[in-house]
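Work out the full structure: start from the sequences and follow the hints.
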Amino acid sequence: MIDLHIPLFRAHAVLRVVLVLVTVGINLTRTADAARPALLWAVTAAMVAVTVATALLYPYERRRRLAVFVADVVLTVAMVLTTPYVFGGLTTGGVTESVVGFWAVTAPLAVALWRGWLMSGIATAAVAGAGLVIADRIDIQTIAESIVVVLTCVSVGWFTSQLRTTTRDREQMHGIAAAMTERQRLSRIVHDGVLQVLAMVEREGRALGPRGLRLARAAHEQEVQLRQLLQDTDIELGSLPGVLADVTHLDLSAVLDKHAAHGVSIATPPDTVLVESHRAGEINAAVAEALSNVHRHAGPDAEAWVLLEVDGDELIISIRDNGVGGTRADFEAASERGRMGMRHSIHGRLADLGGTAVLRTEPGEGTEWEFRIPVEA
1 MIDLHIPLFR AHAVLRVVLV LVTVGINLTR TADAARPALL WAVTAAMVAV
51 TVATALLYPY ERRRRLAVFV ADVVLTVAMV LTTPYVFGGL TTGGVTESVV
101 GFWAVTAPLA VALWRGWLMS GIATAAVAGA GLVIADRIDI QTIAESIVVV
151 LTCVSVGWFT SQLRTTTRDR EQMHGIAAAM TERQRLSRIV HDGVLQVLAM
201 VEREGRALGP RGLRLARAAH EQEVQLRQLL QDTDIELGSL PGVLADVTHL
251 DLSAVLDKHA AHGVSIATPP DTVLVESHRA GEINAAVAEA LSNVHRHAGP
301 DAEAWVLLEV DGDELIISIR DNGVGGTRAD FEAASERGRM GMRHSIHGRL
351 ADLGGTAVLR TEPGEGTEWE FRIPVEA
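For the sequence shown, UniProt numbering gives the first residue as 1, with consecutive numbering after it.
Honestly, I wouldn't trust all of these hints.
What the hints assert, rightly or not - Listed next, with one range per pair, are the computed distances between beta-carbon atoms:
#1 D33 <-> F159: 37 to 43 Å
#2 I176 <-> G209: 44 to 50 Å
#3 D352 <-> F159: 40 to 46 Å
#4 E171 <-> L81: 19 to 25 Å
#5 V133 <-> G25: 52 to 58 Å
#6 A11 <-> V133: 36 to 42 Å
#7 T181 <-> A267: 19 to 25 Å
#8 L151 <-> A38: 17 to 23 Å
#9 L81 <-> V18: 39 to 45 Å
#10 S292 <-> E171: 24 to 30 Å
#11 R170 <-> A38: 38 to 44 Å
#12 L118 <-> D33: 25 to 31 Å
#13 W305 <-> T165: 44 to 50 Å
Bear in mind the hints are in silico, worked out from the structure with no lab data behind them.
For glycine and all other residues, C-beta sits at the position ideal for the given N, C-alpha and C.
And the structure:
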C-alpha cells in the first residue's frame, strides 16, 4: 500500500520550517521586551532543534514512534509554558502570543497526520490548554482562538483519515481489476485451446465404442472442472468499505457454468459478465428450471445446450435440447394442469427482471427457450 505519510510529513516539515523562521523573526523584535533574553533564545534554539529533528524523523515510517510524537507535544507544551518567565508576566493572548507563536500548532498537526482526529484532538487540547494557562485573562477572544486551533487540527486529522481510507479502497479495486484482467486473459487462452480440444474429444469419443465413451465422459468432466476453475470469479464489492459497501455483483458466466454436467453443455463469453447478485440469482433459477424440465420431460437420452450472449445492455440466454419436444398447446395445457414451473419460475421471474421468455418447440424437434433480460434493473 502507498505510504501517504511520506508526502504529508514532507509538507508538514516545510510548514514547520516556515513557521519557525517567522517565529525567529518575531522573537528578534521582542528581545528588548524580554525579562530573560537568554531564556528567550534558549527556547527559540530548542524550537529550531525540534523542527530539524522532526524533519529527519517523521517522513520515514520506521522512525515514527509513539514516543517521538509524545516528546514533540510535551516539548511544545513546555515551551509554551515558559512564556511568562521569558517576558516577566502573563501574556495578553493565548498560545499564539507565546514564545513559540503559531509554531505551537505543528506538533498537534503531526499527530493528526499520523493517527487521525481523535489523537490530534487530545494533543491539540494539551497545547491549547497551555495557552490558556499563560493568558492573563480568559475572555471570548482567547477561548475562540483555542477553539479554532483545536478544530483546525482535528479537521486535518479527519481529512487525513478519509484520504487513507479512499486510497486503500482504490488500491483494493485496482487489485480486483488486475486479477480479473489476468483471469480473463487465461480464460481466453484456455477457451480457445484446451477447452476446444476437450470438447472435440468428448464429441468424437462417443463414436469409438465403450473405451471412446469413457474417454468422452472423462474429457467432459475435466472440461467442467476447468471451466469452474477459470470462471468462478464472483466479485464481492460489499467487502470493501466506503461508497461501494452496499454493492455486490456476480459473474453470470461463472454462475451458469456450474450447470455444466453430462448431457448439459454451457457456452459463455470469455469475458466477465457482471450482473447484480439478486438478478444473477433469479436468472440462474430460471435457467435451472428450464434444465430441470429437460431432465424430466425431454427423454432419457436428451442433451441440452445453454448459450449466454451479451447484446449491448441486454443478456440473451438460449436453452435448447434435442428431446421429444411437443406443441405449444401441450406446454400450455401442462401449465394449466399444475406444472407451475414454466409460469412462475420462468415467465414470472423474467417479468420481474424486466425481461421476456419465448418458448419454441415442435414434436420430435426438442424445445428452445430464449431469455432476454436487461443487464441492469
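Comparing the hints with the structure gives:
{"no.": "1", "hint": "D33 <-> F159: 37 to 43 Å", "result": "holds (38 Å)"}
{"no.": "2", "hint": "I176 <-> G209: 44 to 50 Å", "result": "holds (48 Å)"}
{"no.": "3", "hint": "D352 <-> F159: 40 to 46 Å", "result": "holds (44 Å)"}
{"no.": "4", "hint": "E171 <-> L81: 19 to 25 Å", "result": "violated (43 Å)"}
{"no.": "5", "hint": "V133 <-> G25: 52 to 58 Å", "result": "violated (26 Å)"}
{"no.": "6", "hint": "A11 <-> V133: 36 to 42 Å", "result": "violated (30 Å)"}
{"no.": "7", "hint": "T181 <-> A267: 19 to 25 Å", "result": "holds (22 Å)"}
{"no.": "8", "hint": "L151 <-> A38: 17 to 23 Å", "result": "violated (36 Å)"}
{"no.": "9", "hint": "L81 <-> V18: 39 to 45 Å", "result": "violated (24 Å)"}
{"no.": "10", "hint": "S292 <-> E171: 24 to 30 Å", "result": "violated (43 Å)"}
{"no.": "11", "hint": "R170 <-> A38: 38 to 44 Å", "result": "violated (53 Å)"}
{"no.": "12", "hint": "L118 <-> D33: 25 to 31 Å", "result": "violated (39 Å)"}
{"no.": "13", "hint": "W305 <-> T165: 44 to 50 Å", "result": "holds (47 Å)"}
In the structure shown, a violation is registered for the earlier hints numbered 4, 5, 6, 8, 9, 10, 11, 12, in ascending order.
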